[in-house]
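Quick note, the sequences are listed as chains A and B, same order. Read in order, the letters of the first sequence correspond to residues 0 to 264 in numbering that gives the first Met the number 0. Read in order, the letters of the second sequence correspond to residues 0 to 271 in numbering that gives the first Met the number 0.
Calculated from the structure, these hints are not laboratory results. Accuracy of the hints is not assured; some may be wrong.
Claimed, not checked - Across the chosen pairs, the derived CB separations fall in these ranges:
| # | chain 1 | residue 1 | chain 2 | residue 2 | range |
| --- | --- | --- | --- | --- | --- |
| 1 | B | Met117 | A | Ser176 | 47 to 55 angstroms |
| 2 | A | Glu114 | B | Gly96 | 48 to 56 angstroms |
| 3 | B | Lys103 | A | Arg223 | 47 to 55 angstroms |
| 4 | A | Ser176 | B | Met80 | 31 to 39 angstroms |
| 5 | A | Ser169 | B | His64 | 21 to 29 angstroms |
| 6 | B | Ala20 | A | Ala2 | 35 to 43 angstroms |
| 7 | A | Ser169 | B | Gln121 | 53 to 61 angstroms |
| 8 | B | Pro100 | A | Arg104 | 32 to 40 angstroms |
| 9 | B | Pro181 | A | Arg223 | 35 to 43 angstroms |
| 10 | A | Gly85 | B | Arg147 | 27 to 35 angstroms |
| 11 | B | Asp228 | A | Ala2 | 22 to 30 angstroms |
| 12 | B | Arg169 | A | Ser169 | 43 to 51 angstroms |
Said to hold, decoys possible - Simulated coverage check for chain A against chain B, where a stretch passes if three residues somewhere in it have a Cβ under 8 angstroms from a Cβ of chain B:
| # | segment |
| --- | --- |
| 13 | 178 to 186 |
| 14 | 210 to 220 |
All values reported here derive from a predicted model rather than from experimental measurement. Glycine included, every Cβ here is placed at the ideal spot set by N, Cα and C.
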Amino acid sequence: MTAERHHRQRILAEVGEEGQRRLARASVAIVGVGGLGSPVALYLAAAGVGRLGLIDDQRVEASNLNRQVAYEECDIGRAKVEAAAGRLLLLDPALRVDARQENVRASNVAELFSEYDLVVDGTDAFETKFLLNDAAVLVGKPLVYGAVLQWGGQVTTIVPGGPCLRCLFSEPPDPDSVLTCEQAGIIGAATGVVGSVQAEEALKVLLGVGMLLSGRIFQHDGLRGETRVTVFPKDPDCPACSPRARITDLQRYAEQVSPRGHVLT
Amino acid sequence: MAEASLTAEQRQRYARHLALAEIGPAGQRRLLRSSVLIVGVGALGSPVALYLAAAGVGTIGLADHDHVRLSNLQRQVIHSMAGLNRSKVDGAARTVGALNPDVKVDAIEATVDEHNAMELLQRYDVIVDGTDTFHARYLLSDAAYLLRKPLVHGSIFRIEGQVTVFVPGRGCYRCLYPEPPPAGAIEESEQAGVLATLPGIIGTIQAAETIKQITRAGDPLVNRVLLHDTMAMTFREVRYRRNPACPTCGDRPSITSLADSHAVVGADEGRR
């Protein structure tokens, strides 16, 4: 790490020399390196986070390029994690990147959380988002949740002891009721806004500064140009993070939660 | 019929736009025919250029006189080590071209000033302010108003940023900030810190507002400025109106050319 590269952050009171060293020692897993993961990875690499884990099993497609700005046209057909790792190393050759071409499942999620200081959700399937939430609660690691569709999206940060995604929405939506990004469409800039907010939250968690979006949800409607941050409480009956939680063991996740992330009774 | 003029490759690349009611094939063709000038290819210009290129804006003008320095790579994510010590516009043009060959890039290695601003701005449909000095912001605002072009304004300082859209006749930068701060009141930008992600948030909102200007989708951030505080993680909207006494866009304007603009701004006001 050269002193000059991160000069503008080191002179920021909220970061400083010590904060910059903290970032250099930190590790972040980015699950899903698509519309959200692209800006998250680019900005965390630029900011000086020492090690990034990129987790995604997909390959770059032409229809990704309207929003997934970590890639180039010549990357079409390549594994996303490899292409993204290459791009990040062009930005900072000192970065450590783990390119993991795999999917996150109940069987490997605990190990993933144990290897990194923080996890950023860049996925597009609700069952995976709820799995990451449940794992963050059970393992006790911070998670920056994000979701995006059409012109907008949302972000909240789950920290140990704080409210979780299931305090906000106890169950994932019925898959028949939600439109996929393919059906509904998406504007690249919206993924950029949401992903940049996620990256900002990740930096604040690692630095231990500022007010996090813990118990608050950022909601952005780019079409109307409306951005709001709303407070939400911990649910005393939350199936994941309350004393009455029914999701208690990732090894028994299949018994406790349906394949779609719904809590089984 | 409507999609006939998009190639098969374009229908794939822009599939997620074609699915959006507010864009669709007609909106995509409008994007491909449009032209945007991004003044300043640094912290704000990086995400603006990346996302406008990804969206398929047909012509993107990139104007900047600077070269890429190592300390830029902490937040200027369109650049890379390969472009170090080389011109910012050339490096950014390369990244844009690799992302989307549909985009024609005008690499303008120059400072936009009172001598060239009118000639440069008049070639484009929408102007995006990615500069970091008050002088440049007043100049772009005056020039955009005189040419009756929309200007998508963004600025960042340390841990705070703001974004708004100036549409001719509905207020300009001088309506929002009648006077620059006194010289010395604000640190030189080189001396002020900045968090890497802040320009990402502001620049991507600028990109979205630019796309809305081109496609006429949604409600633009006109007559309202969105203020973001990174540490509090708050977003506040403040409304403003055209100032009838504004020297540029008021009822009896005194700035009718950029020579007047230069006189009003002053040559040595504080940089930001």
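Task: Violated constraints from the hint list, given by number and in increasing order - done: 2, 3, 4, 5, 6 and 10
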